[in-house]
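J.: The lines below spell out each chain.
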Amino acid sequence: MLFNSFSFLVFFPVVTIAYFALPHRFRWALLLAASCLFYMAFIPYYILILLVTILIDYYAGIKIEDETGKRKKVYLIVSIVSTCLVLAVFKYFNFLELNVSALAHFLHWNYSPTLLAIVLPIGLSFHTFQSLSYVIEVYRGEQKAERNFGIYSLYVMFYPQLVAGPIERPQNLLHQFYEKHSFDYSRVTFGLQRMMWGFFKKIVIADNLAFYVDKVYKVAPEYSGVTLLTATIFFAIQIYCDFSGYSDIAIGSAQVMGFRLMDNFKNPYFSNSIQEFWNRWHISLSTWFKDYLYIPLGGNRVITIRWIFNIVVTFLISGLWHGANWTFVVWGLLHGTYLAVYSLIKKYRALIPIPPITSIYGKFGSKLLTFFLVVIAWVFFRAPTMRDALYIAKQSLYGIGTVMYSVFTLNVQTLNDIVSAMSKPLPSLLYLACYIGIIGVFFCLEIIDHKRGIIPYIRTKQTWFRWTIYILIALAIMNLGVARETPFIYYQF
Amino acid sequence: MRKLFVRCTVLILILVLSQVLLSRYLVPNVPMLTLGIPGIGKLDTYLNLHETYSTLYFGDSIIKAYAPSDYDARSIAEMVTAQDPTIKIGDMSSPGYGLNIFEAMVTYISHASKKPDAIIIPINMRSFSPQWDMRPEYQFEKEIFFLTHNKFVFYFGKPLSIFQAVNFESVTSEMFRGTPVFSGKMQIGTVGIFEDKARQHTITDDIVKDFYQYDYMGQLDSNHRKLLSLQNIANMANEHDIHLYVYITPIDYEQGVQYVGPIFKQQVKANTDVVCAVLKKEGVPCLNLVFSVGSKNFEHGLLPNEHMKESGRNIVADELVRFITSQRKQSTQGSAQAYGVAKAR
Chain A
0 MLFNSFSFLV
10 FFPVVTIAYF
20 ALPHRFRWAL
30 LLAASCLFYM
40 AFIPYYILIL
50 LVTILIDYYA
60 GIKIEDETGK
70 RKKVYLIVSI
80 VSTCLVLAVF
90 KYFNFLELNV
100 SALAHFLHWN
110 YSPTLLAIVL
120 PIGLSFHTFQ
130 SLSYVIEVYR
140 GEQKAERNFG
150 IYSLYVMFYP
160 QLVAGPIERP
170 QNLLHQFYEK
180 HSFDYSRVTF
190 GLQRMMWGFF
200 KKIVIADNLA
210 FYVDKVYKVA
220 PEYSGVTLLT
230 ATIFFAIQIY
240 CDFSGYSDIA
250 IGSAQVMGFR
260 LMDNFKNPYF
270 SNSIQEFWNR
280 WHISLSTWFK
290 DYLYIPLGGN
300 RVITIRWIFN
310 IVVTFLISGL
320 WHGANWTFVV
330 WGLLHGTYLA
340 VYSLIKKYRA
350 LIPIPPITSI
360 YGKFGSKLLT
370 FFLVVIAWVF
380 FRAPTMRDAL
390 YIAKQSLYGI
400 GTVMYSVFTL
410 NVQTLNDIVS
420 AMSKPLPSLL
430 YLACYIGIIG
440 VFFCLEIIDH
450 KRGIIPYIRT
460 KQTWFRWTIY
470 ILIALAIMNL
480 GVARETPFIY
490 YQF
Chain B
0 MRKLFVRCTV
10 LILILVLSQV
20 LLSRYLVPNV
30 PMLTLGIPGI
40 GKLDTYLNLH
50 ETYSTLYFGD
60 SIIKAYAPSD
70 YDARSIAEMV
80 TAQDPTIKIG
90 DMSSPGYGLN
100 IFEAMVTYIS
110 HASKKPDAII
120 IPINMRSFSP
130 QWDMRPEYQF
140 EKEIFFLTHN
150 KFVFYFGKPL
160 SIFQAVNFES
170 VTSEMFRGTP
180 VFSGKMQIGT
190 VGIFEDKARQ
200 HTITDDIVKD
210 FYQYDYMGQL
220 DSNHRKLLSL
230 QNIANMANEH
240 DIHLYVYITP
250 IDYEQGVQYV
260 GPIFKQQVKA
270 NTDVVCAVLK
280 KEGVPCLNLV
290 FSVGSKNFEH
300 GLLPNEHMKE
310 SGRNIVADEL
320 VRFITSQRKQ
330 STQGSAQAYG
340 VAKAR
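Chains as they are written, first to last, in numbering that gives the first Met the number 0: chain A, 0 to 492; chain B, 0 to 344.
Treat the hints loosely; a few may be bogus.
Below, a list of computed lysine to aspartate or glutamate pairs in the DMTMM-like style, where the Cα atoms sit at most 25 Å apart [unchecked claim]: (1) A/K423 x B/E194; (2) A/K217 x B/D71; (3) B/K328 x B/E50; (4) B/K184 x B/E253.
What the hints contain is simulated information worked out from the structure, not anything from laboratory work.
Required output: the full structure, derived from the provided sequences and hints.
T.: Structural data, given as structure tokens:
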């Protein structure tokens with residue numbers, strides 16, 4: 000079930016009202032049933048796959064807690080391997096086969112790949128990581144094994160975060176299923192407002208930008224320079240609004256029922272460095288990789304070469320986690336390289352006599368540079384093939400050159416050319432004006448959100464102002480979206 | 000909880016009211032907000048001005064002038080009215096329109112308080128081919144939703160479609176490309192193969208031949224969904240006493256025969272017979288103009304379509320005026336005979 004669907008608009012209030020109407024002891028069962036229904040709206044029998052991983056990790060969790068020494072480790076390894084095996088079969092098998100086949104072809108060996116004609120279960124990477132997080136925490140002794148199978152199942156399947164996170168830790172979520180949540184008007188309205196903000200970002204901003212991005216990226220070689228740069232910048236905003244919009248709806252809908260999910264985004268495009276970006280972007284995943292991969296590899300408490308290796312490997316696997324395609328691997332590698340270079344500069348900065356960036360222009364410049372680096376990496380995330388990605392990246396760099404030239408020389412003709420290139424995929428200049436308007440509104444709201452938090456800010460205003468804002472946002476959601484099914488980008492992971 | 004319930008109810012009521020007001024007064028002037036169906040709005044105008052537009056002319060792009068060489072850029076509708084000013088036409092034609100949306104228009108008209116006296120319906124034989132029938136942008140689902148639902152529901156069409164409560168994209172691009180293409184009863188490929196051929200840099204004779212088959216030569220079945228729409232149109236028109244003047248539009252059959260051979264004409268003839276048989280069954284006369292216009296009167300590029308030069312449009316307009324006049328005479332005679340019988344009794 001998509002959050003931005005009519006089914007969810009019916010499902011959510013029905014489940015929430017039933018949740019508060021039921022006695023506390025039955026609530027987990029209601030949430031579990033609702034979560035099953037939510038998941039089965041996609042491909043019903045895929046719930047069996049989920050059930051298998053839940054059973055394995057539930058049993059493994061208890062055994063890990065009960066056993067000691069080597070046997071404890073064996074149960075952990077069995078649990079991790081079997082959970083990852085499901086992910087490997089559904090997500091990476093075909094990718095592996097195609098690459099083996101390409102290698103065999105290169106070596107003039109005769110090898111025909113066996114490809115599985117299967118659809119990737121929705122949100123597989125997310126709930127797999129949430130399950131892994133549970134068994135690892137039990138192994139480390141940071142979390143007691145959950146003995147109630149229903150509650151454990153709900154931990155993996157809790158519908159607000161089932162298909163695209165935030166990837167929760169057992170210490171944060173499991174105990175909340177035992178807590179009694181009473182109806183709190185302030186908390187409920189806060190949750191609803193957060194959901195509304197999420198819908199606005201997804202439907203009004205992300206879906207409209209997707210029209211431009213999809214059109215350009217579908218036939219990228221037909222476009223050049225500024226058009227491709229525009230599409231990539233639009234994609235940067237699209238994916239942020241799409242995913243953070245999803246997270247806001249997820250966190251908001253959980254909050255309405257009294258559950259606290261971790262924040263996933265903190266205005267990442269206002270980051271001053273790539274390191275800061277990763278502290279603000281998809282926080283639940285980046286902290287997962289930090290806790291369960293980067294630190295176990297040694298983190299930064301090793302020699303410099305090993306440290307750089309740890310960073311790059313972590314990001315490479317993060318890239319592969321997103322999708323079984325070399326483009327995602329390159330995306331991860333690019334971010335790994337950015338961070339490695341940044342970390343090295345930071346480490347050896349004391350040796351170089353450069354004053355710290357404190358001026359407003361300096362901060363703006365570092366924000367712009369971080370954004371530019373992230374945008375270039377997004378090319379590899381969005382492009383369907385490596386060939387397209389390389390073409391778009393090259394053309395986007397030309398595009399940046401063109402824009403900078405026209406800005407510094409104030410050449411009217413070049414500025415005209417830029418506007419005409421930007422509007423090339425659109426029916427008219429009016430549409431481009433609308434896009435610029437949408438992005439303008441987005442950045443204004445992001446600035447407010449960055450400074451004060453958009454919802455707390457609105458909540459401090461007078462009633463008439465708040466209601467006007469609510470009505471305008473709701474009407475924008477109802478009228479400015481795209482009249483077709485537009486799944487969230489991260490659903491495919 | 001009660002406080003929240005009351006506030007939510009108030010908010011929903013305000014939103015409903017705002018949406019109605021917005022859809023009624025603001026949306027028609029702001030194309031970005033609409034479902035993108037400005038052309039349909041003309042129908043209300045024509046129905047309200049019933050005396051000025053007593054006959055509605057449905058149709059696709061071939062009604063209009065496209066040839067750059069045309070001195071006379073009038074549409075067929077304008078030519079008909081010029082020849083016979085008593086045929087007061089409201090032009091509802093638009094590119095890609097076919098019997099599916101015509102059916103919705105007649106449904107809308109059947110619920111309207113003011114109805115036209117007659118409707119002219121051109122049937123384009125290419126509209127039965129998968130390249131037209133299955134083309135996603137020719138499904139006109141938004142228009143059909145508007146025409147077949149209460150206006151109040153339509154005001155919420157956009158939000159309903161955003162949240163996928165109604166689907167305006169029932170035919171996806173993948174479905175379209177995967178649709179089989181037939182010549183006669185034999186499958187000769189899928190839409191995707193033919194669409195890719197149209198994008199090639201050099202259009203060879205073989206591609207032109209393929210396109211004559213793709214466009215016109217699939218064996219037409221009387222259960223084709225567009226023919227079922229035609230039957231429904233005939234029934235509704237009959238029920239509401241609206242005259243139907245149905246004609247089959249000309250195609251460049253001479254070039255078709257040149258590229259495909261005599262079998263082209265035979266297959267097209269067989270298909271038009273199916274259309275006329277359906278009309279006959281419903282008691283609607285069929286004016287078959289499919290072979291009435293020679294190659295020199297068409298204006299299309301290398302690949303076939305039915306756009307005509309002014310000479311071609313004039314031929315159609317002449318035939319149509321003759322047809323309407325004769326139908327009117329028959330109708331008057333019929334009425335007089337019926338009056339005579341009644342008087343004698």
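J.: Any of the earlier hints contradicted here, and which numbers?
T.: Structure breaks hint 2 only.
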